[in-house]
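**Q** All chains should be built: construct the whole structure from the sequences, respecting the hints.
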Amino acid sequence: MRPDIDHHDTDILILGTGGAGLFAALHAQQAAPEGTKITIAVKGLIGKCGCTRMVQGGYNVALGGGDTVERHFMDTINGGKWLPNQDMAWRLCEQAVVRIHELENEVGCFFDRNPDGTLHQKAFAGQTADRTVHKGDLTGIEIINRLMEQVLSRPVEKLQEHRAIGLIPTRDGSALAGVLMIDMRTGRFRFVRAKTVLMATGGGPTMYKYHTPSGDKTMDGLAMALRAGLPLRDMEMVQFHPTGLLAGDHTRMTGTVLEEGLRGAGGHLLNGSGNRFMFDYDGKGERATRDVVSRGIYEEMRKSNTSENGGVYISMGHLGPEFVAEKFKGMVKRCADCGFDLAGGRVEVVPTAHYFMGGVVVDVDTRTALEGLYVAGEDAGGAHGSNRLGGNGVANSTVYGGIAGDTMGTDIRQMGALRDPDPEVLEAEIARAMRPFAKPPGALHPLRQTLQEVMWDEVGVMRTADRLERGIACVDDIRAELMETGVAADSLAFNLTWHDWLNMASLCDISEVIARAALWRENSRGAHFREDFPDQGDLDSSYFTVARQSGEFVEVSREPVQFTIVRPGKTILPKGEPDTLVAAQ
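Numbered per the numbering used here, the sequence shown spans residues 447 to 1031.
Among these hints, one or two may not hold up.
Said to hold, decoys possible - Have a look at the derived ranges for each label pair, beta carbon to beta carbon: (1) F725 <-> K775: 23 to 31 Å; (2) P561 <-> Q476: 47 to 55 Å; (3) G776 <-> A863: 45 to 53 Å; (4) K494 <-> H547: 23 to 31 Å; (5) G490 <-> E870: 27 to 35 Å; (6) A919 <-> R634: 32 to 40 Å; (7) A919 <-> S620: 36 to 44 Å; (8) L1019 <-> F940: 51 to 59 Å; (9) A919 <-> F556: 49 to 57 Å.
Worth flagging that the hints you see were computed from the coordinates, not collected in a lab.
In this text the structure is predicted, and so the values were computed from the model without any measurement.
Each residue gets a CB set at the ideal place from its N, CA and C atoms; glycine is no exception.
**A** Here is the structure:
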């Protein structure tokens, strides 16, 4: 059995409708020649899926009051432990200033303000200024809703509930011809040719027991890029947000983020004995970076000094229940729905897989090694290095989404006709997707649970060579079992079990890459901590890992970090500038 293939042509194809994808659509429309056909495709519904709309905390941008782009940049480089692509980090910080005004004045976002009318900016961990613009603790919903309104009002073609499953090159492999998709509503394949394609499908490390992204985020974009032979950098760098809600196994709310602003506002982390413990691990206490706080909590968990469900507590009541209820309405309600009183009591939390710093190697204009393919948002590596500052994620997506739209709109002017695909690659991707229908149906949920347990235990917050090797072996076993597990072929339309199988295939592929890159990096930087190699290594000779698929195998190598703007131990801040502008630090 094989469904028919529909063929579809466009000029600019955008995969994903988060902050990166929607901003790219708006900018491409402005930059491209008149008459250019722009198409956006999304696995779910526009504005109703993905991670940008789940952003609570806010948007980092230097808007004065002593803060500068230079200070934001230095915080980003220091937070990333000197692994970021410095040109990408600089452009992120510089263009965030432009983008925040665009969000307000052109897109129509309303952010919280001070009494004098200026944008309110709150404190986030690991930063030397209060620079996080927000709308309460529901910033992502505000940004996505306004972007969605803008895109829906424009003549942009929408392919909703279309799942991208393969990047299809030309026969000679020199360029991208288009993308193979599944129309989830019918189960039919659809091959879309395009002159330029933006991959902005988002990350989503949902292969971990505790995770924040929605279940539809399964690293599909990176899995496609891996199969296409593209280089992926920093793949060991999985960010664990230290305060994921721990509400027990009976609810899917477990793992969802209680955002950074709680600790920035002065929240306390308490162990099972009711004692603050973070100052035992870092002089900044709860205001340390996410990786440090996650390891502190994990250490308390290993000591069994935990809360009822095996985590720790966050306590906000000492700040005043009224203050907390007013400033963090969304989280107070979410916690109340799970039986917790965030405003006046204690809430159980656990480190939760949140963001993926690794991604496709791109240049500062989002171009990749494959002509016609561009990558922005969480699919792209480089801007964050080994650790992302809270508030830099949605800034990165919108900044580089806009850059991608501008770049594609400009590049398309020099491009000729649409390219024809390599028929062998196209057939191989179709065969790969149809594989489960040739096997006897089996249960997928236990496999996903096993993968999540393995990744949490063996490739999680704290790593060793033994555990990583065990993790790689387990992932191989899980993949082998998946390949023999089938799906009923009663109907391909909205066959969610089929899509669960495809989700698991992507998660297994990227789980292996994470573990292999982590095994290869024998030092500790940012989100990657090796207990058997706890030293960070020499900063001046910093390198980043590069993973590529070669046949059936994943090969990992290293490339030196280029210190194009500032070297370790130096700063671009003027002499006499204070170390921090945050009074609480």
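**Q** Decide, hint by hint, whether the structure agrees.
**A** The hints, checked one at a time:
no.	hint	in the structure
1	F725 <-> K775: 23 to 31 Å	holds (30 Å)
2	P561 <-> Q476: 47 to 55 Å	violated (35 Å)
3	G776 <-> A863: 45 to 53 Å	holds (49 Å)
4	K494 <-> H547: 23 to 31 Å	holds (27 Å)
5	G490 <-> E870: 27 to 35 Å	holds (31 Å)
6	A919 <-> R634: 32 to 40 Å	holds (38 Å)
7	A919 <-> S620: 36 to 44 Å	holds (37 Å)
8	L1019 <-> F940: 51 to 59 Å	holds (55 Å)
9	A919 <-> F556: 49 to 57 Å	holds (51 Å)
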